[in-house]
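A.B. asks: With the sequences and hints as input, model every part of the structure.
There are 2 protein chains.
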Amino acid sequence: MFKPHFTALAVTAIDGKIARYPGHLSDWASPEDKDALHAELDRSDVVVVGRATYELVKDRLDSRDCLVFTRSVKGLVRQGEHCLYCNADQVNLADVLVQYGYKRVAILGGTQVYSWFLKHNLIDELYLTIEPLVFGAGLPLFATEVADQHYDLVAVKPLNHRGTLLIHYRKSSYANT
Amino acid sequence: MFKPHFTALAVTAIDGKIARYPGHLSDWASPEDKDALHAELDRSDVVVVGRATYELVKDRLDSRDCLVFTRSVKGLVRQGEHCLYCNADQVNLADVLVQYGYKRVAILGGTQVYSWFLKHNLIDELYLTIEPLVFGAGLPLFATEVADQHYDLVAVKPLNHRGTLLIHYRKSSYANT
Numbered sequence: 122m123f124k125p126h127f128t129a130l131a132v133t134a135i136d137g138k139i140a141r142y143p144g145h146l147s148d149w150a151s152p153e154d155k156d157a158l159h160a161e162l163d164r165s166d167v168v169v170v171g172r173a174t175y176e177l178v179k180d181r182l183d184s185r186d187c188l189v190f191t192r193s194v195k196g197l198v199r200q201g202e203h204c205l206y207c208n209a210d211q212v213n214l215a216d217v218l219v220q221y222g223y224k225r226v227a228i229l230g231g232t233q234v235y236s237w238f239l240k241h242n243l244i245d246e247l248y249l250t251i252e253p254l255v256f257g258a259g260l261p262l263f264a265t266e267v268a269d270q271h272y273d274l275v276a277v278k279p280l281n282h283r284g285t286l287l288i289h290y291r292k293s294s295y296a297n298t
Numbered sequence: 122m123f124k125p126h127f128t129a130l131a132v133t134a135i136d137g138k139i140a141r142y143p144g145h146l147s148d149w150a151s152p153e154d155k156d157a158l159h160a161e162l163d164r165s166d167v168v169v170v171g172r173a174t175y176e177l178v179k180d181r182l183d184s185r186d187c188l189v190f191t192r193s194v195k196g197l198v199r200q201g202e203h204c205l206y207c208n209a210d211q212v213n214l215a216d217v218l219v220q221y222g223y224k225r226v227a228i229l230g231g232t233q234v235y236s237w238f239l240k241h242n243l244i245d246e247l248y249l250t251i252e253p254l255v256f257g258a259g260l261p262l263f264a265t266e267v268a269d270q271h272y273d274l275v276a277v278k279p280l281n282h283r284g285t286l287l288i289h290y291r292k293s294s295y296a297n298t
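Each protein sequence line maps, in turn, to chains A and B.
The working numbering applies: residue 122 is where the first sequence begins, and numbers increase by one.
The working numbering applies: residue 122 is where the second sequence begins, and numbers increase by one.
Treat each hint with caution, since some may be false.
Unchecked claim - Calculated cross-link-like contacts (lysine-lysine; reagent style DSS-like; alpha-carbon spacing at most 30 Å):
| # | chain 1 | residue 1 | chain 2 | residue 2 |
| --- | --- | --- | --- | --- |
| 1 | A | K240 | A | K292 |
| 2 | B | K195 | B | K124 |
| 3 | B | K224 | B | K155 |
| 4 | A | K124 | A | K240 |
| 5 | B | K292 | A | K155 |
| 6 | B | K179 | B | K195 |
| 7 | B | K278 | A | K155 |
| 8 | B | K124 | B | K224 |
| 9 | A | K155 | A | K278 |
| 10 | A | K195 | A | K179 |
| 11 | B | K155 | A | K292 |
| 12 | B | K292 | A | K278 |
| 13 | A | K155 | A | K292 |
| 14 | A | K292 | B | K278 |
| 15 | B | K224 | B | K179 |
| 16 | B | K155 | A | K278 |
| 17 | B | K224 | B | K240 |
| 18 | B | K224 | B | K278 |
| 19 | A | K292 | A | K124 |
| 20 | B | K278 | A | K278 |
| 21 | B | K278 | B | K179 |
To be verified - Residues of chain B placed beyond 10 Å of chain A at every Cβ, according to the derived structure:
| # | residue |
| --- | --- |
| 22 | R164 |
| 23 | E202 |
| 24 | Y223 |
Bear in mind the hints are in silico, worked out from the structure with no lab data behind them.
Virtual Cβ for every residue (Gly too), placed ideally from N, Cα, C.
C.D. replies: Spelled out as structure tokens, the structure:
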């Protein structure tokens, strides 16, 4: 059976913000976070990313296959060799993944895309990098109300001597409805 | 010299929310977090808390001295044996702390109170407990824009087998302006 596996990857400030404002580059993230991110992307078949985030990061995604969530297209539209634009509310994502053989899916944000997967209860794993700084205000990781979703802590790992933490969670197998 | 020391204590969901809505009791926090919290409060001379949060937690603060931030009073008003109501924008907090001999200050939130101390660049230490669940939406830890404030990671400690983490940060001595 073809069962896709969804891994969300995010880097936040101590106060849970993924950016100060839309378009804010994650140049405040440590090199060690980028290394961990790309190691996970190497294990993935496709990267799912929102249109705005895609514009920010596409140069660093090299030749990785991307599924770009956007409301600007109807259904699914190919955009170049490695990129599909996808209106997530107009396609059956499971069918798209089967069609292209994308089994291991990396979710790179932003807030709207993380929230879409949370709302559909699809996040199997979460790698959360916390950089040791505070923004005070900015964009949250999620912005959609859901019933409590419980996760198991798999590991927590200091990534460097500056205090960056990588926390690995896996969806709890028993506590979620 | 009388130099107060400010420690903020907060428990959040994985996604950085301190509560789902104003008035949401932190009954989702683990017993081990409450133990860690009260151990820190035992080391503190006074608890600073917003009026709404105070109403939620006062029964559990026992006979601890409290400074309750509220705009409902002018300046500083005593309210019972252990409690002072304080309009933080109308008093000199440093003077109040000297007057009452409060040297070690524990900041218990909510968002507005955490933000007040952040904005005034007063948070020396932060104990952040992350419970392994996601709310999706809710109240942020901070809601005030500041220039990047850097912290040093002092320790990260699993509090139980359910995946609760206690992360201890200290204001970075060199990187903040």
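A.B. asks: All hints, please: hold or fail.
C.D. replies: Each hint, compared with the structure:
Restraint check for K240 of chain A and K292 of chain A: satisfied, since their Cα atoms lie roughly 14 Å apart, inside the 30 Å limit. Between K195 of chain B and K124 of chain B the alpha-carbon distance is near 25 Å, which keeps this suggested pair within the 30 Å criterion. As the CA atoms of K224 of chain B and K155 of chain B are separated by approximately 23 Å, the hinted pair is consistent with the 30 Å bound. At roughly 19 Å between alpha-carbon atoms, K124 of chain A and K240 of chain A fall within 30 Å of each other, so this suggested pair holds.
Using a Cα cut-off of 30 Å, the hinted pair K292 of chain B and K155 of chain A holds, with the two alpha carbons roughly 25 Å apart. In summary, the hint linking K179 of chain B to K195 of chain B is supported, as the alpha carbons are separated by about 22 Å, within the 30 Å threshold. As the CA atoms of K278 of chain B and K155 of chain A are separated by approximately 24 Å, the hinted pair is consistent with the 30 Å bound. At most 30 Å may separate the alpha-carbon atoms for a hinted pair to count; K124 of chain B and K224 of chain B meet this at roughly 7 Å.
At roughly 15 Å between alpha-carbon atoms, K155 of chain A and K278 of chain A fall within 30 Å of each other, so this suggested pair holds. For a cut-off of 30 Å, the pair hint linking K195 of chain A to K179 of chain A stands: about 22 Å separates their Cα positions. This hinted pair checks out: K155 of chain B and K292 of chain A have alpha carbons roughly 25 Å apart, not beyond 30 Å. Distance hint between K292 of chain B and K278 of chain A is fulfilled; the C-alpha atoms sit about 21 Å from each other, no more than 30 Å.
Proximity of K155 of chain A to K292 of chain A is assessed by CA-CA distance (about 23 Å); at most 30 Å being required, the pair is judged to hold. A distance of roughly 21 Å separates the Cα atoms of K292 of chain A and K278 of chain B; the hinted pair therefore holds under the 30 Å criterion. Proximity of K224 of chain B to K179 of chain B is assessed by CA-CA distance (about 21 Å); at most 30 Å being required, the pair is judged to hold. With a C-alpha separation of about 24 Å, the suggested pair K155 of chain B and K278 of chain A falls inside the 30 Å cut-off, and the hint holds.
In summary, the hint linking K224 of chain B to K240 of chain B is supported, as the alpha carbons are separated by about 20 Å, within the 30 Å threshold. For a cut-off of 30 Å, the pair hint linking K224 of chain B to K278 of chain B stands: about 27 Å separates their Cα positions. Between the alpha carbons of K292 of chain A and K124 of chain A the distance comes to roughly 15 Å, so the proposed pair stays at or under 30 Å and holds. Between K278 of chain B and K278 of chain A the CA atoms are separated by roughly 11 Å; this keeps the pair inside 30 Å, and the hint holds.
Between K278 of chain B and K179 of chain B the alpha-carbon distance is near 28 Å, which keeps this suggested pair within the 30 Å criterion. Here R164 of chain B stays apart from chain A, with its beta-carbon at least about 22 Å from theirs, past the 10 Å limit. For E202 of chain B, the requirement that its beta carbon stay farther than 10 Å from each beta carbon of chain A is met, with the minimum near 35 Å. Residue placement check: Y223 of chain B keeps its beta carbon more than 10 Å from all beta carbons of chain A (closest about 24 Å).
Of the numbered hints stated above, none is contradicted by the structure.
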